[in-house]
Amino acid sequence: MPMETLQIRLSREQLSFIDQKVREGRYPSRSEAIRDYLRKAQLWEALERILELGHSEEDEEDLLARLERIREKVYKERSSK
Amino acid sequence: MKVILDTNIYIATMRFINLDRMLIWKLLEEGITIVLTDFIIEELRENFREKYKPEEWGRALDLLLKFLGTGYVEVKRWDEYSYHIEEARKLTNEKDAPLLAAAMLDDVDFLITRDKKAFLENEKLRGTPLGRKVHSPQSFLAHLRTIQYGIGFR
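For the protein sequence lines, the chains are A and B, in the order given.
For the first sequence, the numbering used here gives the first residue as 1, with consecutive numbering after it.
For the second sequence, the numbering used here gives the first residue as 82, with consecutive numbering after it.
These are computed hints drawn from the structure, not numbers from a lab.
On a predicted model such as this, the values are computed, not experimentally measured, just so you know.
There could be a bad hint or two in this list.
[Stated by the list, open to error] Once the Cα atoms are required to be at most 27 Å apart in a straight line, the calculated DSS-like pairs of lysine-lysine come out as:
(1) A:Lys-21 - B:Lys-83
(2) A:Lys-40 - B:Lys-107
(3) B:Lys-107 - A:Lys-73
(4) B:Lys-176 - B:Lys-132
(5) A:Lys-76 - B:Lys-107
(6) A:Lys-40 - A:Lys-21
(7) B:Lys-171 - B:Lys-107
(8) B:Lys-198 - B:Lys-83
(9) A:Lys-73 - B:Lys-197
All chains should be modelled from the sequences, with the hints used to inform the complete structure.
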């Protein structure tokens, strides 16, 4: 993918966060680290948009009860194989 | 370090619970491996099938897996952990045994869950060495802070 170069301003704290990730060996360079965090943010945003479509008024208790029912079903299907 | 997240963590993360969101971001940021199992993926699929229109649920699951894939992810298959199920059944409900069985694997360090009855407040489990692997999102994040500068990650 063709890349464009741009200059960005970061706070000292943001830069030290990125540098720390590079030092830890998570990324080969600052650019790669910033690109990866952007990619995560893009995916998260897309995920949030699609999750809004499935939004309901279910509270945490109802959610956990529904997941228990799903677990029961998946377990039964799996055990019968 | 490798952790298994219970299905309730993924769903809560995507719905309304900020702490769980923070947990997933933290795992990705720290380079901690998220262990998925075929059983968890099937539960996620069922959940999305129930909540979305047919044309949307596949995309929701795909996006979640892609998002997790920006970090380190490992998938354990049923035949890799199912031999622990008998033992797991002695410690928790039958339907929760596959999750606990996967957490019993030697290379899995933690199981993070919101389920109090089956795991977090299960006295039978808490009394075993395996119980030390089981955390709520909150207790795991606190534990992570204490070990982060101590024993380090593998």
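Hint by hint, here is what the structure shows:
no.: 1; hint: A:Lys-21 - B:Lys-83; result: holds (19 Å)
no.: 2; hint: A:Lys-40 - B:Lys-107; result: holds (12 Å)
no.: 3; hint: B:Lys-107 - A:Lys-73; result: violated (31 Å)
no.: 4; hint: B:Lys-176 - B:Lys-132; result: holds (22 Å)
no.: 5; hint: A:Lys-76 - B:Lys-107; result: violated (34 Å)
no.: 6; hint: A:Lys-40 - A:Lys-21; result: holds (15 Å)
no.: 7; hint: B:Lys-171 - B:Lys-107; result: violated (33 Å)
no.: 8; hint: B:Lys-198 - B:Lys-83; result: holds (24 Å)
no.: 9; hint: A:Lys-73 - B:Lys-197; result: holds (20 Å)
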